[in-house]
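**Q** Heads up: the sequence lines are chains L and A, in that order. Numbered according to the UniProt record's numbering, the first sequence terminates at residue 202, and the numbering increases by one at each position without gaps. Numbered according to the UniProt record's numbering, the second sequence terminates at residue 542, and the numbering increases by one at each position without gaps.
In short, the hints are calculated from the structure, not lab data. Be a bit skeptical, because a hint or two may be false.
[What the hints assert, rightly or not] Computed Cβ-Cβ distance ranges for the label pairs, DEER-style:
1) L:H45 / A:G460: 32 to 40 Å
2) A:L440 / L:M80: 30 to 38 Å
3) L:A87 / A:L408: 41 to 49 Å
4) A:W225 / L:A44: 35 to 43 Å
5) A:A285 / L:H186: 56 to 64 Å
6) L:S86 / A:L440: 42 to 50 Å
7) A:P413 / L:A71: 23 to 31 Å
8) L:T117 / A:D184: 50 to 58 Å
9) A:L408 / L:L61: 43 to 51 Å
10) A:L420 / L:A71: 54 to 62 Å
11) A:L96 / L:A188: 52 to 60 Å
12) L:T117 / A:A285: 41 to 49 Å
13) L:A87 / A:V427: 27 to 35 Å
[Stated by the list, open to error] Footprint (simulated), chain A over chain L, 3 or more residues, beta carbon under 8 Å:
14) 72–80
15) 106–120
[Said to hold, decoys possible] Taking beta-carbon pairs under 7 Å as the criterion, some of the chain L residues facing chain A (in silico):
16) R39
17) R50
18) V52
19) C69
20) S97
21) V98
22) V101
23) P136
24) M137
25) A166
26) H177
27) R179
It should be emphasised that the depicted structure is a prediction, and the values quoted were computed from it without experimental measurement. Glycine is no exception: its CB is placed at the ideal position from the N, C-alpha and C atoms.
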Amino acid sequence: MQHTAPGRSAQYTATGEAPAASPAPGVPDGTGGAPTVLRLRPPAHRVDPRAVAWWTWQAVLVVLGVLACVAGLLAWLWRMLPLPVSAGAAALSVLLSVAYVTIAPRRRYRVHRWETTDEAVYTWSGWLWQISRIAPMSRIQTVDTARGPLQQMLGLATVVVTTASAAGPVRIHGLDHERAKEVAAHLAATTQATQAADGDAT
Amino acid sequence: MNGPTHTRRDPGTLGQADRPEQVDEVGQAPNALDAAGEASVDGEREDGGVPWRRLDNRLLLVQLKWIVPPVLSTGFYALITLGRLDREAYIRLGLLAGVFLLIMLWRLVELLTTRYRVAGDNLEVRTGLLGRRRRTVPCDRIRGVDLTADPFLRVFGLVTMKITTAQGGGEQGDTSLEALRRADAEELRQALLRRAGAAPGATDPDRVIARMDWAWLRYMPLNSWGVLAVLVVGASALRILDGFGIKPERILRAVLGFLGAAGLWESIVIGTLALLVVGSVTAVALAAEEWWGYRLERDESDNFAVHRGLLTTRSLSIDERRMRGIEVTEPLALRLGGGAHVAAVATGLQKSEGLEVSKMRTLSPGVPRARAHEIAAVVVGEHPSPTTAALRPHPRAALRRRHVRAGLTVLAPCAVLALLGLLLTPVLLHIAWISAAVLLPAGAVFAHSGYRALGHTLHGRHLLTRYGTFIRRTVALRRDSVIGWVIVQSPAQRRSGLATILVTTAACKGGAYPVRDVDLAEGLAFADEAVPGLLAPFVERG
């Protein structure tokens with residue numbers, strides 16, 4: 001390895017950047033004394049319970065598409081495959097589909113959470129891959145609400161928060177429509193206030 | 001040649017920069033009148049004093065280049081058929097010529113109707129005969145002004161200017177002005193960059209950061225582009241010949257016969273060797289063309305400028321205020337040869353039509369690794385370079401993950417092959433176990449190398465992450481350019497307490513630089529300390 005500089009320190013603070021700016025009161029700064037283990041705490045709010053219905057409908061649509069493809073493929077290979085193989089493949093895809101429709105939305109509801117403070121937006125999302133996102137207010141570029149046909153049907157909306165990064169926006173899915181509007185308005189107002197001093201790092 | 005700094009003052013260029021700018025003076029005049037209480041005029045009239053400028057008329061000659069392909073293909077075909085052209089060939093060639101003539105006409109109208117000017121703080125460009133398009137680019141949105149000249153333009157002393165704007169500056173993409181006189185282009189470029197806010201700072205005597213050293217030629221065969229280029233060109237040539245009724249097999253057989261190959265195995269071995277040799281030579285030739293006369297310097301406006309190119313010359317510049325760090329890139333072959341590239345980590349490089357972002361960012365050809373770190377140090381202005389900082393290794397679980405992934409990647413196709421072998425023919429079975437026996441150790445080696453690449457740390461005002469099995473990247477990103485964190489955990493990562501932390505920033509094409517498979521708690525501590533205060537409200541300790 002080419003990187004074998006002497007003085008590899010166990011702490012990042014070896015570089016002289018003081019961590020003093022870390023504000024959270026009553027929280028040890030993690031750099032001195034006994035080693036502390038850091039965990040992300042869950043964001044304060046769950047999404048609207050109707051989101052389960054929304055995700056279920058979405059899952060149903062996806063599953064119907066996949067099943068149609070599988071059915072087409074099996075019909076095409078009907079003569080070439082032995083009957084048990086076809087039947088097994090069909091049964092397996094139906095089983096997986098049912099599992100996906102029943103499990104994924106509920107699991108999403110357990111995982112998805114969100115919170116906004118005066119400094120940042122903080123979300124949890126995903127079901128298998130679980131994703132936590134933090135975007136500071138000072139770097140937010142736009143705040144929108146978006147509603148697809150299914151969300152409109154259920155009275156839900158998604159808050160979309162974009163920053164200058166190309167990595168994609170931070171989304172808060174499945175909020176009550178009115179609540180989403182409030183959140184978006186609050187975010188927009190806070191963003192304006194914080195950005196008077198600071199740029200968006202483009 | 002290899003020295004870190006060389007002074008090179010070009011009296012001509014400096015003189016130009018010192019000369020007061022004509023456009024500027026005219027541009028100020030109407031504003032002064034306005035201030036004096038002159039009757040207000042509409043937007044069109046307001047900057048009316050600035051004359052529109054045309055492109056150089058020599059573009060008429062340059063556009064004759066579109067005649068080259070049909071002429072060449074006709075000549076080539078005539079040569080191959082010894083002048084016996086049938087009716088079908090005439091139709092084909094006629095169509096080809098027609099298409100290229102149309103392109104030429106369209107480009108000519110476009111270019112002859114193009115006018116540009118710098119009015120006030122905007123660059124204005126208008127184009128078009130029937131459908132007039134007019135574009136106004138505010139100078140403070142300009143992120144880079146690049147000059148390129150292909151051989152046709154160079155013959156006439158012309159260049160093409162490409163103006164990159166900030167992301168979100170408009171979905172039409174970049175603005176480009178084709179066929180400017182070189183002197184005009186230099187002047188316009190200085191004017192634009194000066195208005196873009198880059199104050200012409202004190203001229204640094206050590207402006208040149210690096211220039212071409214032909215000892216670096218040894219790194220140039222170490223990329224796959226040569227072989228790829230030979231394959232692509234060869235395949236398309238065969239296809240075209242096939243279109244003209246000349247069978248590809250005959251040519252292949254003739255070539256192999258010429259090389260002295262007889263049997264199947266001999267043909268494969270000799271063919272592969274020939275491909276590698278021709279590919280390496282092509283790679284060297286392509287790289288030499290690309291990096292001929294390479295010079296990395298700080299120009300008068302304190303931008304980083306890369307000048308390079310033999311046939312097509314390029315001058316790419318990146319505004320210093322857009323720089324957010326530096327990356328040392330080591331593609332596999334180059335790394336094994338002990339070489340590395342240097343690339344800029346900068347905002348505003350996200351989109352570009354003519355040139356891929358990866359090429360715009362590249363600040364150096366393949367150079368010795370130590371030299372790459374030296375260049376990085378000069379560019380970020382920190383000695384030693386942050387990219388040489390000692391990195392914290394990631395947990396062994398990350399190595400396990402890589403071994404599992406490599407094993408599955410090899411075994412899954414082999415299992416399918418074996419299954420088919422059981423059903424159909426034992427030959428497939430043998431292929432399956434032989435490839436597994438060969439590929440599994442290779443996978444293990446890659447897994448290990450991928451694990452050793454992993455590392456992260458904080459170093460002064462930069463945060464560092466290193467990752468990548470095939471292309472190893474060491475990224476030093478300024479901590480103040482972090483615009484958020486994304487922490488991803490797959491089910492497997494959750495079981496082993498790992499996470500991938502994405503450092504989101506505007507200074508990355510993909511939007512984020514990853515810290516892959518870091519211990520979750522350690523990664524959170526790293527993120528918390530890199531940007532104090534951002535993560536702190538959302539973590540628990542204990």
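**Q** Would you mind marking each hint as holding or not holding in the structure?
**A** Against the structure, the hints come out as follows:
| no. | hint | result |
| --- | --- | --- |
| 1 | L:H45 / A:G460: 32 to 40 Å | holds, 38 Å |
| 2 | A:L440 / L:M80: 30 to 38 Å | holds, 32 Å |
| 3 | L:A87 / A:L408: 41 to 49 Å | violated, 28 Å |
| 4 | A:W225 / L:A44: 35 to 43 Å | violated, 52 Å |
| 5 | A:A285 / L:H186: 56 to 64 Å | holds, 60 Å |
| 6 | L:S86 / A:L440: 42 to 50 Å | violated, 33 Å |
| 7 | A:P413 / L:A71: 23 to 31 Å | holds, 26 Å |
| 8 | L:T117 / A:D184: 50 to 58 Å | holds, 53 Å |
| 9 | A:L408 / L:L61: 43 to 51 Å | violated, 31 Å |
| 10 | A:L420 / L:A71: 54 to 62 Å | violated, 24 Å |
| 11 | A:L96 / L:A188: 52 to 60 Å | holds, 56 Å |
| 12 | L:T117 / A:A285: 41 to 49 Å | violated, 58 Å |
| 13 | L:A87 / A:V427: 27 to 35 Å | holds, 30 Å |
| 14 | 72–80 | violated (count 0) |
| 15 | 106–120 | holds (count 4) |
| 16 | R39 | holds, 5 Å |
| 17 | R50 | violated, 26 Å |
| 18 | V52 | violated, 21 Å |
| 19 | C69 | violated, 20 Å |
| 20 | S97 | violated, 20 Å |
| 21 | V98 | violated, 20 Å |
| 22 | V101 | violated, 19 Å |
| 23 | P136 | holds, 5 Å |
| 24 | M137 | violated, 10 Å |
| 25 | A166 | holds, 4 Å |
| 26 | H177 | violated, 26 Å |
| 27 | R179 | violated, 21 Å |
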